[in-house]
Structure formats: structure tokens, C-alpha cells
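Chemist: With the hints as a guide, dock the two chains, each given alone in a separate frame, to form the complex.
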Amino acid sequence: MSAVHDGPALGRPIAFTLRAGTLLAVAAIGAGYLIGAITGEVATGTIVALISGGGAGALIGVGFLTLTLTPLAALAVAVAVLARRRERNRAFAALLAFSLLLGSLVVAAVLAWSS
Amino acid sequence: MPTDLLLLLSGVAAGAFGALLGLGGGILIVPILTLGFGLPLSAAVGTSLVSVIATSTGAAAVNVRAGRADVRLGLTLGAGTVVGALTGGIVAGFLPERVLAGSFAVLLVYTALTMLRGIRARGDEEATETVDPAVPDGPEAPAYRSRRVPLAIGGAFLAGNVSGLLGIGGGVVTVPLVHLLMGAPIRIAVTTSNYMIGITAAAGAYTYLFRGDLDPRQAAPIVLGVAGGAALGALTGTRLRASWLIVLFVVVLGYVAFEMAMRALAPA
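Protein chains in written order, with our numbering: chain U, 1 to 115; chain P, 1001 to 1268.
Partner residues aside, some chain U positions facing chain P, computed with beta carbon under 8 Å: (1) T46; (2) G57; (3) L67; (4) P71; (5) L75; (6) A78; (7) L101.
What the simulated footprint calls covered on chain P by chain U, stretch by stretch (three residues with Cβ under 8 Å from a Cβ of chain U suffice, anywhere in the stretch; the number is not a length): (8) 1077-1086; (9) 1218-1226.
The calculated label-pair distances, taken between Cβ atoms and stated as ranges, are: (10) P:P1040 - U:L34: 18 to 28 Å; (11) U:I38 - P:L1265: 42 to 52 Å; (12) P:A1266 - U:I35: 38 to 48 Å; (13) U:G53 - P:R1145: 49 to 59 Å; (14) P:Y1110 - U:L34: 47 to 57 Å; (15) P:V1106 - U:T39: 51 to 61 Å; (16) U:L102 - P:R1241: 38 to 48 Å; (17) U:R88 - P:F1037: 41 to 51 Å; (18) U:A20 - P:P1002: 23 to 33 Å; (19) P:T1236 - U:P13: 21 to 31 Å; (20) U:W113 - P:R1241: 44 to 54 Å; (21) U:A80 - P:T1003: 41 to 51 Å.
The hints are simulated quantities; they were obtained by calculation from the structure and are not laboratory data.
Just so it is clear, CB atoms sit at the ideal spot from N, CA and C, and this is done for glycine as well.
Excised from the complex, chain P in its bound form (with noise of 0.2 Å):
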């Protein structure tokens, strides 16, 4: 199969994945284009943040649209992980990466635990949930109302930080922390984090575009797959379960959680 095909392939795969769960994908991209494409990191990371931009307004396109996610919300804590994002080169020169690595590590592994309790509190009443009720002005759209907004800025710059200095995508920590921390329904919670997550990548990928880290042969074919992708995803996510967008989004943050254990106990 030609590489183009399989790049293509590779980018409907992670923005379908990226847009059901409000990550961006880049969790995928990054590894794909490393580990099967042989590209180096900086052009993989580079690429990534293109296409998590790709993800984001193709979702957000959708989702916004149909009223699915919570724009002012997105906006409010959009700014908080702009903020957190861009100052998270400065944080990096005082805070060890190991530590800040095991830290989150533990952080993640807290979250996923708690997300998974959720489903059992909760009872079966969101789980079977088996249609996206958010829509606009609907009769049927979602009475819910944001809690903590204060802290749950703190935590967008926080979501922001940690993007940046651990090279993250945001929608890890900003998924738990709209629905966890808020109160907001998980698919409110996954759309909103789609929204946002293109706001914080195009903060990061203006420098990698200027400074040429992104190589458009290989850059290209990912992109037009992650767009066409992310609206598939966009679709897909108001089809599937609420536990079951839950499960797999544990399922991601303990792969997260991994990799960051790994990091902190790596020798030096």
C-alpha cells in the first residue's frame, strides 16, 4: 500500500478517535509518524498540531452547529489554557519533568477512577443514553449548569501547563475536568474539549509553520484524513453510549498515565 494511502488511513483513524473523545488525536499522530513513518519528533509534533486544529474545527464545525457544546464555556476556559499553554515554557525551568511526570501520572490515574465511579453512581441513567439530547433550544437539551467556573479556569490553565511543558494534548486533563469538576455531561464535556483544543494547538503550531518543522508530503495526506475523519467522529460520538465514551476515555487516560509513570522512573 503506498505511503499516502496509509497516512491518509492513519489520519482518518485519529481524527475519528480524536473527535469521539475530545482529545485532537495528536495521542495517535505523534506515535504514528514517529514510530511508523520514521519522521523526527519536532516534524511528527509539528504535523500533530496541524492536526489537531484539523479535528477541532472539523468537529466543532459539526457539534457547534448542533448545539452539542457549550461555546461560552469553551471560550471562558479557552483563554485559561492559552495562557497556560503559552507560560508553560517558563514553569518548565523550575519545575523538574520527572516529578511534574509522576505527579500527573497519579493525577490521571485518580481521574480515571473517578470517572469510572461516576457511571456507577449515576446508575444506568446516563449510561443508556443512546442519543445526543443537546440540541439547541430543544425540548430535550441537557438542564445542566456549569459548576466551580473559577476553579475550573485554574484547572484550564493548568490543562494549558501541562499541554505545553509534557507535550500533551489538553483534552486529557480538560474532558474530566468540564465533566468531573463542572458537572457537564460527558458528550458536553468531549465536544467542548473539541472546541477548545484548536484554539490551544494553533498557539503552539504558528511557530512550527514559521520555523519549517512541517513537512508538507507527509503533512498533507494525515490532514485531509484527520479532517474527513474528525466529522466522522463528530457524527459517530451522538450514536454511542455514554458509559461507553467514558470507558474509552479511561481507557486513554491510563495509556496516558503509563507513558507519564515511564517517564518519571526513566534513568536519568
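In isolation and in its complexed conformation, chain U is listed as follows (with noise of 0.2 Å):
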């Protein structure tokens, strides 16, 4: 296991991934911040808050969903590209952390609309 043998395989789609979720999460979240203080309109509150409630909370809102479901969607790129090149052990262990970060996330969102 070394950094030598991750090649383009594996490091090119984890890496388009991550650049192109922090890209999209910035423009959005840079995007909503002007329009916010241009119109001087100050959103606050849940995520579902925010972007359900649209303008510009709605565009930081998206934003930092992109970001935060970046490493999640990175995760699924590996777990794939592992799978599909047979790395079973090391594809399990990216699965098993998709599957957690993927309970997390469904677990707050729980709570969040149970409360």
C-alpha cells in the first residue's frame, strides 16, 4: 500500500470528483453570498429551511450540501472503481465508510424532520 500504486485509476475519478464538488459547492455558496449582500436579504435556519426557502439562502444552502455530500460521493467513486479492479478488501472498507457516512446523513435528516 503505497502512494505509488494508487496510479490514474483509482486517483483521477476520486480527484474529479472532489475538484468538481468544490467547485460547484463554491460557485453556489459565492454565487448566493453576493446576491445576499446586494438585496440585503439574511437567511438563517436548516438546511431544508434554507433552500426551501430560495434566493440567495437557498443558493448557500445548495452550497453547502454540495460540499458536505462531496467526500460521500467520492467515497461512492472509489467504492466502484475498487470493485470493479477486484480490490475486495479495500472496496469493503470504502463501502463500509460510505455506508456510515450514508447513515449519518439519513439519521440527521430524521431527526431534523421528526423534530
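Modeler: Okay, structure coming up:
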């Protein structure tokens, strides 16, 4: 297990996912922040309230959500690449991390809806 | 200077610092937001977690693409840290925080001394290295082989657990773990930690997002700054001497050890 063994097959799709997620999130947060600064609209609340409220707050909310979902998406990509390469142990480790992260997202969402 | 500009600049500094040392930057963001901007701790921690993800994704996008991070190692240990972080709350019920903080302070001091001794033991070979050799499949790529993987997975679990229990970034544990225990060069340890901390932070961030413990007015400029700073830190890290990286990291370990010792010795 070393850095040299990662190679482009695993590194490139993960790097692309991370880069795309970061850029999309930064673009949405930046746009929302600028619109909010111009219109004077100040949005607060949960992520669901921000997004459903529309306007600048929705853009910032979408940006935060995209940013926090990026590691999850990168893990999904890693699971797919490792499974295709039949690296079972590492695919399992990535799948375990992905499942736990997805589980914490679902639990957080359910708790928010029920309260 | 307007508050938003200060928040943006604070974010740039925290992102660059976090990416440079594989820490995420939460160690700076929480005190900046609580002491400097008067935010409640819950809002500061929520903003910090989202900022750590921004540091991780911003820096890892650069490092993984350049082949500087050991993604397979990060995935293996990342599973351990996530399990550790999620079970941190259960363990918290059985362990007094003072005992945990005191033990952790001792462990950090020992780790710092071991890292400093490592610079001397290795001589100038790595210490004078100025260019990152970890080019993917390149002729100068480091031929290191990770040691003690099962033990390191246990250490990663502990890192996640300590992170969840004491509210500190897992990078303080994972960088020495990968460098000292597994034998990876310090740069690989830093970049791999950068990749891992985003996964660990995300597990905690969802709760804060859905609970509304995040004020977009303060969080937006700081996250934008962190994302830019992280890319800057990832690029700067390759030009910094390995020995300087270790010395900087040891300073941070000393600071965190002091904070933990104060927490252990504080009156009940």
C-alpha cells in the first residue's frame, strides 16, 4: 500500500469528484453570498429551510449541501473503481465508510424532520 | 475592515494552515469564531466542520490528482476513523473527560518528541528534501511500504473516537499515526490525512446542517476563504522542507497538548 500504487485509475476519478464538488459548492455559496450582499436578504435556519426559502439563502444552502456530500460522492466513486478492479478488501473498507456516512446523513435528516 | 472580509481572510489562513499540515484548520476556526467574532460554540463547531470539509476536498483534489496522497490507505483508515467518531458518544458515557484529556496530552507530548527525534535519526536525507517526490508512477516516487496496517486501523478508530470525544480534528492523531507507526514520509502522511479528515468531518457536519446550527452569514465567507486557502496550502506544502513540516506540526501538537492538559487540570 503506497502512494505510487494508487495510479491514475483510482486517483483521477476521485480527484475529479472532489474538484467538481468543491467548485460547484464554492460557486453556489459565492453566488448566494453576493446576491445576499446586494439585496440585503439575510437567511438563517436549517439546511431544509434555507433551500426551500429560495433566493440567496437557497444558493448558500445548496452550496453547503454539495460541499458536505462531496466526500460521500468520492467514496461512492472509490467503491465503484475498487470493486471493478476486484480489490475486495479495500472496496469493503470504502463501502463501510460510505455506508456509515450515508447512515449519519439519513439519521440527521430523519431527526430534523421528526423534531 | 468589514467583518465579512475579516472572516474571508481568517478562512484563507485557516485553510492554508490546515492543508499544509493535514489538520483541516478547525484548530484555528473555532477559537477565531468564538473569541474573535462572538459566535456561540455550537455555531462555531458547525462552521468549523463544514470548513474542514472544504479544506479536505480543496487540498485533496490537488494532492490526489498529483499522486501525493495514498488514497487506498486513506480509505482503509478512513473507515476506522468514521466508526470511531460515531461511537465516540457511546464511549463518552464511560470515561471521565478529565482522564481522557490528560492521557491524550501525555500521548501528544510523547508523539511530538518522537517526531523531533525522527528528524535527527534520519539525518539530512529527508530533512533537506525541497521537492515533493511523490509523482504518480514517476521515477522519483517514494518506494515506501505501509507497516502495521491492522494496528493502524485500530489507531484510526482511536483517532476518530478522540476526535468525537474531545472535539478536536482527527488530523492531530492521523498524521503521526501514518508517519510514525506506518512509516510513510511526512508529506504522504499530511496529504493522506487531508483526504481522510473530510470523510470524518462530514459524519458530524450533517447533524449541524439539519439542526440549523450554522449561520450562513458567517459561514459563507469563511468557507469561501477556506476553500481558496486550502488550494494554496496544498501547493505551498510541496515546496516546504520536510523538516519544517515536522517542526510546524510539533508546535501544533504542543499547543493541543497544552490545551488538553488545561482541560484535565481545570477545576470541576
